[in-house]
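Generate the whole structure from the sequences, applying the supplied hints.
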Amino acid sequence: MSDVQTARPARKIVIDPVTRVEGHGKVTIKLNEAGEVEQARFHIVEFRGFERFIQGRMFWEVPVIVQRLCGICPVSHHLCAAKAMDVVVGVDAVTPTADKMRRLMHYGQILQSNAVNVFHLASPDLLLGFDAPIATRNIVGVIETFPEVGKWAIFIRKFGQEVVAATGGRRIHPRLCIPGGVNQNLTVEHRDRLLKNVDQVVKWCEAALDLHKSFVASDPELYATFASFPSSYMSIVGPNDEMDLYDGPLKAITADGSIIFEGVPADHYRDVIIEEVRSWSYMKFPHIRSLGREAGWYRVGPLAQMNCCASIGTPIAEAARADFMTLGAGGLVHATLAYHWARIINMIHCAEVIRDLLHDDDLQGTDLVVTGDRRPEGVALIEAPRGTLLHHYTVDERDQVTSANLIVSTTNNNEAMNRSVTKVAVDYLSGMEITEALLNHVEVAIRAYDPCLSCATHALGDMPLIVTLEDADGAMIASRVKQ
Amino acid sequence: MTEHALADSPRVLVIGYGNPGRQDDGLGPAVALAIEHLGGPRIAALDAYQLNIEDAIDIADHDVVWFVDASLDGPEPFAVHIMAPAASIEFTSHILRPEALLAIARQMFGATPEAHLLAIRGYDFEFIEGLTARATDNLAAAVSMLTGRLGLKDAEVRL
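So the sequence lines, in the order shown, correspond to chains A and B.
Mapping of the first sequence onto the numbering used here: residues 273 to 755, in sequence order.
Mapping of the second sequence onto the numbering used here: residues 5 to 163, in sequence order.
For the record, the hints were derived by calculation from the structure and aren't laboratory data.
Nothing here was measured: the structure is a model prediction, and the numbers come from that model.
Be aware that one or more of the hints could be misleading.
[What the hints assert, rightly or not] Here are the in silico distance ranges between beta carbons for each label pair:
| id | chain 1 | residue 1 | chain 2 | residue 2 | range |
| --- | --- | --- | --- | --- | --- |
| 1 | A | 631 | B | 85 | 46 to 56 Å |
| 2 | A | 628 | B | 15 | 52 to 62 Å |
| 3 | A | 671 | B | 133 | 14 to 24 Å |
| 4 | A | 447 | B | 15 | 26 to 36 Å |
| 5 | A | 564 | B | 137 | 43 to 53 Å |
| 6 | B | 149 | A | 644 | 50 to 60 Å |
For glycine and all other residues, C-beta sits at the position ideal for the given N, C-alpha and C.
Here it is, written out as structure tokens:
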């Protein structure tokens, strides 16, 4: 055994954030013999057992059940499952009222979810500095210096939640969608209440973008290079490549913007994507079939949505997108920190879409459900707050689900997160010491993607960041815990 | 209680959070539902998958706040902790601690409610609906304690 260990060429540094309930995620940084960073991996616990949870359920229950997957984005799973079950009940197009109710809920969800990331998670790093003391590098510290950020954070988030509640009812268990349509329209009272605040929300989102751009201007070199690299991108897009976060075919592009595939409908996803399983992770590693295992990884999420679309259909967001794309000097934008900028543009877009929808009388329509001929299978795509989400179900003749396959946004970004952590390790690891700066920078890189952990549980327990240094034989050199 | 005394009584908020689709992780929402069912003047109950920053608004509107969550390895059947504001930053938006919410409520609204964390011991957290038998017993004990602390009359708790 010792001979084998001696022969190993690499040492490992393990960063181990322990999740609350099952297993754990960790960052492993592998060094070569020269002490240089060779590779980094961000391990995340996958949704183990979920397929079993779904199998045997009646298909019409699924849009409600899948909300149990995630406390942050239950609406995304609710909508994606409903779209898949539309296919199962033989419905290719729901009514205008149903489509717009779902879109209203979806854009409300993305708005409030992105607000949490931008204000609560990212703003302390960006506005106070990556190495600011932990005692002040938090949302409270941000509010002390930028009081308006707290207001934006809480009230944009609250508005998004109100949109979701107005469309779907209770906050823990929205029940808007059923296969083939929706349960309800939007009452005039709800519409008028939301209309009172939506213009203010648009203005706050614009102000947040201005503040973010001031951070970019303060250190453009850091912004452009931190945890960054060229990559391929994937998202759904609407007609004429206009941004559409609710529905559309898949599109993927290379780092130079060349088309890898486009116009791929949801039920053809396996023609273009392969889901690989690796021994060291519970997560799957999807990659683009035509590019192969090594080169086929890609990024999803707000940055991918900006890079893949040709325009945005709302004016303020479109102007912001055009400005954003100048970062790429005629090409794509590859800066990992630009996820945050893209996220804020998405917030503007969502607020604008919500405003437009609230003026659409179809939301008060009464034609809510369409029926069709039953099919044995349904696949659907949606752009969740963190990127492309896919649900695939098969249903037997007794209406019971026989299989479920989900590719969640974080799974799509799996390899990209590894690359970002690797870049951080290369740039900030010095010798064998696990410094506070290294921990901070690893966290900043991860926050850009805001991965979904095994997020459906929230039982009490700390989630410390544990850093362990191991030598070539796997023996611990040092360990550091960050609570 | 007289109308005058009622007006002077503290406004209480119970926030029970967790995922009912993950067995004992549903302990928090179960408490919220039980308190909501029992009712009571000036007592509000919220259930949620997890805490979120806008909860600071509700927290600031109350004099006493009870956070209720499942615990992985705490005392049986439950433990009560006094909570104080303490800001923190996480590496994922999937975590928001009660202390951080209290810090936001204080910073944004100048509110410093008396705050408790009711940590009810859970045991299994798989993708299964419903509490385990042991967690159900702990839930009953926790609700009994909480109703006593809140001055609610004894009543059959709907679990």
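Hints and how they fare:
For the pair residue 631 (chain A) and residue 85 (chain B), the beta carbons lie near 48 Å from each other, so the given range of 46 to 56 Å is met. Roughly 39 Å separates the CB atoms of residue 628 (chain A) and residue 15 (chain B), a value that falls outside the hinted 52 to 62 Å. Between residue 671 (chain A) and residue 133 (chain B) the CB atoms are about 19 Å apart, so this pair conforms to the stated range of 14 to 24 Å. Take residue 447 (chain A) and residue 15 (chain B): their Cβ atoms lie about 30 Å apart, and the range 26 to 36 Å holds.
A hinted range of 43 to 53 Å for the beta carbons of residue 564 (chain A) and residue 137 (chain B) is consistent with their spacing of about 51 Å. In this structure the hint that residue 149 (chain B) and residue 644 (chain A) lie 50 to 60 Å apart at CB holds, the actual value being about 53 Å.
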